[in-house]
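> Assemble the whole structure, with the sequences as input and the hints as a guide.
In order, the protein sequences belong to chains B and S. Under numbering that gives the first Met the number 0, the first residue of the first sequence is numbered 0, with each subsequent residue one higher. Under numbering that gives the first Met the number 0, the first residue of the second sequence is numbered 0, with each subsequent residue one higher.
Possibly wrong hints are sitting among the right ones.
Pairs involving identical chains hold if they fit within one copy or between any two copies, as the list cannot separate such chains.
Listed below are the simulated DMTMM-like cross-link pairs for lysine to aspartate or glutamate, each with C-alpha atoms no more than 20 Å apart in a straight line [as the list claims (entries may be wrong)]: (1) 129 / 118; (2) 119 / 21; (3) 160 / 21; (4) 56 / 125; (5) 157 / 98; (6) 157 / 21; (7) 160 / 260; (8) 253 / 55; (9) 25 / 98; (10) 251 / 118; (11) 157 / 8.
Just so you know, the hints here were simulated from the structure itself, not pulled from any lab data.
There are 2 protein chains.
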Amino acid sequence: MQNLIDLVDKKLNEYMPIVYPEDIFKAMKYTVTLPGKRLRPVMCLETVRMLGGDVEKALPTACAIEMLHAQSLIHDDLPCMDNDDFRRGKPSNHKVFGEANAVLAGDALLTFAPQLIIEKSELPAETTLKLVYEFTKWGGAYALIAGQVVDIQSEGGKLIKSPEETLNFIHLNKTGALFRLAMRSGTIIAGGSEKTLGEIDEFAKKFGLAFQIYDDIMDEISSFEELGKTAGKDKNCGKLTYVSLYGLEDAKNKFDSLMLDCYDIIKKYNSNIFTNIMKKLENRLLGV
Amino acid sequence: MQNLIDLVDKKLNEYMPIVYPEDIFKAMKYTVTLPGKRLRPVMCLETVRMLGGDVEKALPTACAIEMLHAQSLIHDDLPCMDNDDFRRGKPSNHKVFGEANAVLAGDALLTFAPQLIIEKSELPAETTLKLVYEFTKWGGAYALIAGQVVDIQSEGGKLIKSPEETLNFIHLNKTGALFRLAMRSGTIIAGGSEKTLGEIDEFAKKFGLAFQIYDDIMDEISSFEELGKTAGKDKNCGKLTYVSLYGLEDAKNKFDSLMLDCYDIIKKYNSNIFTNIMKKLENRLLGV
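Structure, rendered in structure tokens:
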């Protein structure tokens, strides 16, 4: 796993040269290269590997997905959004580069990332086009951004659907969209069948939901040092979370049940990496 | 020309259904469909027509370029950017939908637009991929956003290059990028040769520069009613413009000289539409 993280870090650095006007490239690169677990790119690469594809050819896409993730974090941290001064233990983008540059850095990543996929993938045009299509679909108003919008609405007390449906929608889209993008892209690069794509997608969807429940629980019980961002923020904002809606125990049960489903799907692919990631989450929640 | 504008308006409306969560789709659609001249999509469609291509197949791309333009306007108007309360005579996006939704609406348009090109163009994968590539390149940190960043730097008195070079860079990228994207995309859809692409690109570049000089002059001499946005804003901010740097007369001369070059390139394509657009600008500047 550390191998893949190092590979992604090396490539992220390589793919993002600082050219004129430096302010924008520095701002883009700052958040993208903050030390992190590189979960989404690793999920993409591991999907390619476990399906027998060429991991090398997946690197631009894996990095593009990390850039999309960073983009959502940069804009999420803005004062008009979640207003968070820290991210991964460091000052957030707008605290370092100013709000205007942070807005533009996020914007720039949204086109830089698919540009990278097109320029560097060395795959047939049909495959590349499919990858870019997945990127635009899961990164946009029908998925990732839909989740963010409903999240903001719910914070403002504006619920169009029931609290349960609303929370599910937020989680499926905010976290689930990028997980699905990562693993669907990996499947496409490896040339997986429609059936495989369906299975992998189902895993990513459930794992995304489980991961977000995990995140809700951690936000409830952790300190700033552990999280690298302001802790207990969700609770303080009166935000809709699995814990606020169902309580800690039911949230934990829901997490466990989703994890069982995930093991059930992933077992036939013999992936140590996915198994390890899942075990790590489970271990951290032991005793909660 | 009005035919093409109407066609673009009809398609923009058709391509943007309002679905759950409605807030984001309404915010996206609001700025995209504000009444306007649809200059960039018309330039794209007219390029296709004059090169003998299928205008119908260019509609998704033309509309995507208008969406990219709207995206840049939405984020440009934000309080942390140009802080403008009006756009095309109407309240700007964040005044209607709030800042958070305006940020997200801009983000969403950046992936919605290429998604539209991929979903609706009905062109060979190679061609569609080229179109998306142009979109990501001209819409991003190497072009449109580079222009915006240097614009912001120069407003803050931070000039890395000379004022003349800086202003040229801003104009070539802020306005030029979308003009070039529009006409290059049109050429690609029509199947134009590399030589044609080069000529068309040169026209778009020069016309973009001329258009921005025109805009600088108009901002200097017009009222709110005529512009549909706060007038004299550039002057009040001490912004670097052709007029502030070279004076009104030299700016006008530069405009005239660029227009001559543009006529020289476009004449062999027999385009009433381009000729009319150019004449309209010239007429408005008569007597300035």
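> What are the numbers of the hints the structure violates, in ascending order?
Of the numbered hints given earlier, those the structure breaks are 2, 7, 8, 10, 11, listed in rising order.
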